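Visitor: The listed protein sequences correspond, in order, to chains Z and S.
The first sequence begins at 1 in my numbering and counts up by one.
The second sequence begins at 1 in my numbering and counts up by one.
Do not take every clue at face value.
[Claimed, not checked] Dumping the calculated EDC-like pairs for lysine to aspartate or glutamate here, alpha-carbon to alpha-carbon at most 16 Å:
id, chain 1, residue 1, chain 2, residue 2
1, Z, K98, S, D56
2, S, K44, Z, D93
3, Z, K2, S, D56
[Stated by the list, open to error] Estimated spans, in silico, between C-beta atoms of each pair:
id, chain 1, residue 1, chain 2, residue 2, range
4, S, L114, Z, K67, 39 to 49 Å
5, Z, E57, S, L84, 40 to 50 Å
6, S, L70, Z, G16, 46 to 56 Å
7, S, V73, Z, E45, 32 to 42 Å
8, Z, E45, S, S7, 40 to 50 Å
9, S, L70, Z, Q31, 28 to 38 Å
Just so you know, the hints here were simulated from the structure itself, not pulled from any lab data.
Predicted model only: the values in this text are computed from it and were never measured.
All C-beta atoms in this analysis are idealised placements derived from N, C-alpha and C, irrespective of residue type, glycine included.
Given next are the chains, with one letter for each unit.
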Amino acid sequence: QKEVEQNSGPLSVPEGAIASLNCTYSDRGSQSFFWYRQYSGKSPELIMSIYSNGDKEDGRFTAQLNKASQYVSLLIRDSQPSDSATYLCAVMDSSASKIIFGSGTRLSIRP
Amino acid sequence: EAGVAQSPRYKIIEKRQSVAFWCNPISGHATLYWYQQILGQGPKLLIQFQNNGVVDDSQLPKDRFSAERLKGVDSTLKIQPAKLEDSAVYLCASSPSSTYNEQFFGPGTRLTVL
Chain Z
1 QKEVEQNSGP LSVPEGAIAS LNCTYSDRGS QSFFWYRQYS GKSPELIMSI
51 YSNGDKEDGR FTAQLNKASQ YVSLLIRDSQ PSDSATYLCA VMDSSASKII
101 FGSGTRLSIR P
Chain S
1 EAGVAQSPRY KIIEKRQSVA FWCNPISGHA TLYWYQQILG QGPKLLIQFQ
51 NNGVVDDSQL PKDRFSAERL KGVDSTLKIQ PAKLEDSAVY LCASSPSSTY
101 NEQFFGPGTR LTVL
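Assemble the whole structure, with the sequences as input and the hints as a guide.
Guide: In structure tokens:
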């Protein structure tokens, strides 16, 4: 059973600080990794994708991938109250046929 | 560009009743997905279509769930008979192809089974 694990939180971070979200996965052959944001009562939306080891930056968001450790993370710099949401880590399985989602980490940015 | 459309948005039924959900993907998107998201969990893939063929339905409870995608466009997901544990949000998503990584989600249908 291929798994994607996340700490469910809630993770509380003061406004302006860096929020760090972590994810591990079990399928060593996975090549594609995603972070989705889901506001309460809404559907997921893709915010970052990463395919190679290292860092990928997009605005205030940085995704980090370490395939040897089977670890993906998302950093949010200068956290804003609007970043309060559940962040879902998703991994495309090694057969490249489907995306497996983690259970999500609930992030709360306190003013 | 219109997004993924789903209906109804909310549905309340009693156990053992049947229910159907409808999805209209983004125009031109060949791949369509149905997910089940139980409160506090991530979306779980139920079925994936490529055009009107099934690519993956390994996690679809086939004794009670069925889905079809006629003409490779709209799709319908049915539950018959419903159980209490089917209470969840049913999300439809689409992408241009199965190898295109980004999936675009619809607003979902929240199902409550009493």
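Visitor: For every hint, state whether the structure bears it out.
Guide: These are the hints, each one checked on the structure:
1. Z:K98 <-> S:D56: Holds. K98 (chain Z) to D56 (chain S) sits at ~8 Å (cutoff 16 Å).
2. S:K44 <-> Z:D93: It holds: about 14 Å lies between the C-alpha atoms, which stays within 16 Å.
3. Z:K2 <-> S:D56: Distance of about 15 Å is within 16 Å: holds.
4. S:L114 <-> Z:K67: 39 to 49 Å: For K67 (chain Z) against L114 (chain S), whose Cβ atoms are near 46 Å apart, the range 39 to 49 Å holds.
5. Z:E57 <-> S:L84: 40 to 50 Å: 45 Å, holds
6. S:L70 <-> Z:G16: 46 to 56 Å: 52 Å, holds
7. S:V73 <-> Z:E45: 32 to 42 Å: 23 Å, violated
8. Z:E45 <-> S:S7: 40 to 50 Å: 20 Å, violated
9. S:L70 <-> Z:Q31: 28 to 38 Å: 33 Å, holds
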